[in-house]
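**Student:** Spelled out from the first residue to the last, the chains are:
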Amino acid sequence: DVKVTQSSRYLVKRTGEKVFLECVQDMDHENMFWYRQDPGLGLRLIYFSYDVKMKEKGDIPEGYSVSREKKERFSLILESASTNQTSMYLCASSSAGLAGGGDTQYFGPGTRLTVL
Amino acid sequence: AQSVTQLGSHVSVSEGALVLLRCNYSSSVPPYLFWYVQYPNQGLQLLLKYTSAATLVKGINDFEAEFKKSETSFHLTKPSAHMSDAAEYFCAVSERGANSKLTFGKGITLSVRP
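Protein sequences, first through last, are from chains S and E.
1 is the number of the first residue of the first sequence in my numbering; add one for each residue after it.
1001 is the number of the first residue of the second sequence in my numbering; add one for each residue after it.
The hints are simulated quantities; they were obtained by calculation from the structure and are not laboratory data.
Among the clues, some could well be false.
[What the hints assert, rightly or not] Label-pair restraints from in silico Cβ distances:
# : chain 1 : residue 1 : chain 2 : residue 2 : range
1 : S       : Thr86     : E       : Ser1003   : 24 to 30 Å
2 : E       : Met1083   : S       : Gly40     : 21 to 27 Å
3 : S       : Arg14     : E       : Ser1012   : 23 to 29 Å
4 : S       : Gly63     : E       : Lys1058   : 37 to 43 Å
All C-beta atoms in this analysis are idealised placements derived from N, C-alpha and C, irrespective of residue type, glycine included.
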């Protein structure tokens, strides 16, 4: 089975801190994604990566950056955490596939981040 | 740009009753369509997906969905609800093309009454 793990289930940080959220997948997937989930808003894509050292902005990249130095690991960075970044953060991965698109994304359990 | 509409935020059914969760999409070309489920305190897992084979797609736990191009819909159904079906359900769309990303609907919470 595909396994996507996230470094923390719960995290509490203070405003202005630099925050690292780590995600690791064990299925040699090319694609990795970071979403945030807020009540009534569904999942919104922050950043994604199709290859090592490659990244693309999603729908809400402001205030975030990412790093992908190894294929299995994708990190989300909050350079200076703010209270409006309090949310559930979900990581996902998928294979590239031959046809393009249509590939199942596999999700980690999520990190609930609270910024005080 | 593609989008997904899930009307309402909460559906409540009795155990044993039909489950119907609606999803409509907007896309310039027939897309890939997905239903994901999120149980409390867990990540999302795939229920089923449409990738242009059969228009009626069967998924896990007796869920199924039918792709209707004329109605731009991909509604999720289950003939008989079980208490364990209580969860949040997300419809998502992906455009055809290499490495397409998913666009999710806002999600709908299903409650099942004993």
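**Student:** Each hint should be assessed against the structure and marked as holding or not.
**Tutor:** Here is how each hint holds up against the structure:
1. Taken as a hint, the range 24 to 30 Å holds for the pair Thr86 (chain S) and Ser1003 (chain E), whose Cβ atoms sit roughly 26 Å apart.
2. Taking the beta carbon of each, Met1083 (chain E) and Gly40 (chain S) are about 25 Å apart, inside 21 to 27 Å as hinted.
3. Our hint of 23 to 29 Å for Arg14 (chain S) and Ser1012 (chain E) is violated, since their Cβ atoms are close to 40 Å apart.
4. Between Gly63 (chain S) and Lys1058 (chain E) the beta carbon distance is about 41 Å. The supplied range of 37 to 43 Å therefore holds.
The structure shown violates just one earlier hint, number 3.
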